[in-house]
Amino acid sequence: MADVTLRQVKKSYGSLNILHGIDLDIKSGEFIVFVGPSGCGKSTLLRSIAGLEEITSGELKIDGDVVNDVPPSKRGIAMVFQSYALYPHMTVYDNMAFSMKIGKESKAEIDKRVRQAAEILQLTKYLDRLPKAMSGGQRQRVAIGRAIVRNPKVFLFDEPLSNLDAALRVATRIEIAKLKESMPATTMIYVTHDQVEAMTLADRIVVLKEGHIEQVGTPMELYKRPGNLFVAQFIGSPAMNILPATIDKSGSPTIVNHVGGRKATVPIATPASAKGASVSFGVRPEDLMIATGADYLFEGTVDYVEQLGEVQLVYVDIGRADLPLVTKLPGNVEVKRGAKLRLSANAEDLHIFDADGHSFSLHSAEAQAA
Amino acid sequence: MAVTTGKSFVGRFGVHIAVLIFVAIWTVPTLGILVSSLRDKDQIIASGWWNSFASSSQTEAGRLPPASVQVEKDGKFVLEGNIFGDGAARDISAFGVKSAAPTQYPAGTTAELGDGVTLQLNADGGFVMTSPKAFEGARGQRVYYASSAPPKFTSDNYKTVLFSEGIGRSFMNSLTVTIPATVIPILIAAFAAYALAWMRFPGRALLIAVIIGLLVVPLQMSLIPLLKLYNGVGSFFGVPSKTYLGIWLAHTGFGLPFAIYLLRSYIAGLPREIMESARIDGASDFEIFVKIVLPLSFPVLASFAIFQFLWVWNDLLVAMVFLGTEGDQIVLTAKLNALLGSRGGDWEILTTSAFVTIIVPLIVFFSLQRYFVRGLLAGSVKGG
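Chains C and H are the protein sequences, given in the same order. Be aware that the first sequence starts at 0, since it is given in numbering that gives the first Met the number 0, and climbs by one per residue. Be aware that the second sequence starts at 0, since it is given in numbering that gives the first Met the number 0, and climbs by one per residue.
It is worth saying that the hints were derived from the structure and are not from the lab. Please note: incorrect hints may appear among the correct ones.
Unchecked claim - Think about it this way: if two alpha-carbon atoms lie no more than 30 angstroms apart in a straight line, the pair counts; the simulated DSSO-like pairs of lysine-lysine are:
(1) 106(C) / 179(C)
(2) 100(C) / 151(H)
(3) 111(C) / 290(H)
(4) 177(C) / 100(C)
(5) 290(H) / 124(C)
Based on the sequences and whatever the hints tell you, model everything.
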């Protein structure tokens, strides 16, 4: 129903800059997730879109209109807060009807829309309850219902699942995904620090760090082809193994020498000038497997094993005690502490990043595009 | 609960004893005032209120009838009758004829008074006095006796103080002062507290600092300048210097810094997201205040109302300065003070007046005590 466009959006408190010029195009009907560590500015960005924070400079458009100076209620947005932010002294019905009552809508219209929203969220039989008589999951549903009633062009979620316990979090996550499916035209923007939520819900993920956008892409793009070291380590759990390496042979494919003492052939093009350069060599724990043949990537002794049942995390000492290699192996493989282990990985699952942390694959893609 | 405190039985016992002692220290005098106010005037003088449920024993003097009513019987002159006359009968335990020994003879026995004169005084007040010679004189024999009166409770004291001593009028005067002087500061302070907690405007921090600063200004220091200012303004508009409006304004002024401080700290502790949510829902500042903040602040409004009500009700100083001492303006505390001077010995008047004065604070305290406790915690623990 509405595009959201940000052009050079900056936010600062006095001399402290929180957002350093954010450019972002959100298409109508998209589910966008802002993700990043604490203090990266993702909540500030969301609150700026909501109008709860004034942006210092730049331009913010919702549905083609510049809304920099438009009050929150006139922006066509609805927001779901982490703490639900229900009005504690009002019943569920009154909570959901509040915005329409303020807007002086007719009683019949209010009743119709509240009951509709309650139907969608299975809240009909709780309409007369006060929030304090409801569980966390139900409260969050009321908060979502309050947003639905407003019939917004853009839905904003600020870490809506953080206050729920693990089981409820999964259930509510699925409910939000279904809600999005039932409202395909509504744009949704969702802030979280939990990458599982980001991966499962998003059409596109925006990774933020210290007020900058690090990368924007679909969940699989970010997972398969992280644009830089930060994204590589932020997406995926446990984080990607990053090892110092030098380029032994540039071109395509590239051959690197990593600190494990072995050479690796990476099918990514590097410019000729990069030969001998220090790079970061990355491989995800889940992409590593026990080598069967003579061709292997790492050799080391098993330092520690965390058995999770389905999988096990094996920490392998490859000669650098400060850089243990983490691998995720199937739970039924027997791995003993102190045993020697040889690991390999498919060539296409290997990543190399230049000294600034940027991915070479992205460079070459940009180079090709240019 | 007892387990979680982790204290020994002795420790808890000590706590309970201490609580009991405090309760007793507080309750006993109040009870004393209540009981005294309901007792008969004469009994208050005769015995303490703690004896009021037992019969009170008092020594009294009476006089037998004069010689003129004597009859001659069996060669003796006899005086017979009841010492209480037509009055209420009391129990006489002992009697005597000398003021030095007023309880010389037990009731019912016959006392030899010399010269063959005998006197028998029964417990019910009946007496027989005989003499071989005729009684003479217009005044009868003086008799002392110890009698015990049954406990006597009466609401007469209340009738007296409320309707003839002017306490009833003062009670209404006190209410006239107290209710507006409680409501006005709450109204002003609630608005101010919301603005100072949630609205951004230049000078807000300074304003808060000034209000906190005003908390420490002693009332006595500002009393006279305030009165002068008020009189100046009053004479400009041609209003008399001592009016209810004046004392409402004075109490409002003296109450506001604390009211704003208390309410602001509570309102600032309300979750920010609720306000933001309301703002997204389209509510203006005024709507947020009326529909969200006021209902949520009810506990702290109630607790401030209690503080202010009790303080104004018990206030003497401000009332003396800003109100007259005539019947239509004198408040209870001032009236009580005046009664101490004019009726200092009349305990039944004083205790009754005192109890009329404390009855309102008692009702306020007991009906709102849960808010009282919550209000005291308002600054330290997030309410709600």
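Okay, the hints, checked on the actual structure:
Taking the CA atoms of residue 106(C) and residue 179(C), the gap is near 28 angstroms; set against the 30 angstroms cutoff, the hint holds. At most 30 angstroms may separate the alpha-carbon atoms for a hinted pair to count; residue 100(C) and residue 151(H) exceed this at roughly 64 angstroms. Annotation: proposed proximity of residue 111(C) to residue 290(H) holds, straight-line Cα distance about 23 angstroms (limit 30 angstroms). Between residue 177(C) and residue 100(C) the CA atoms are separated by roughly 28 angstroms; this keeps the pair inside 30 angstroms, and the hint holds.
With a C-alpha separation of about 25 angstroms, the suggested pairing of residue 290(H) with residue 124(C) holds against the 30 angstroms cut-off.
Of the numbered hints stated above, the single one contradicted by the structure is hint 2.
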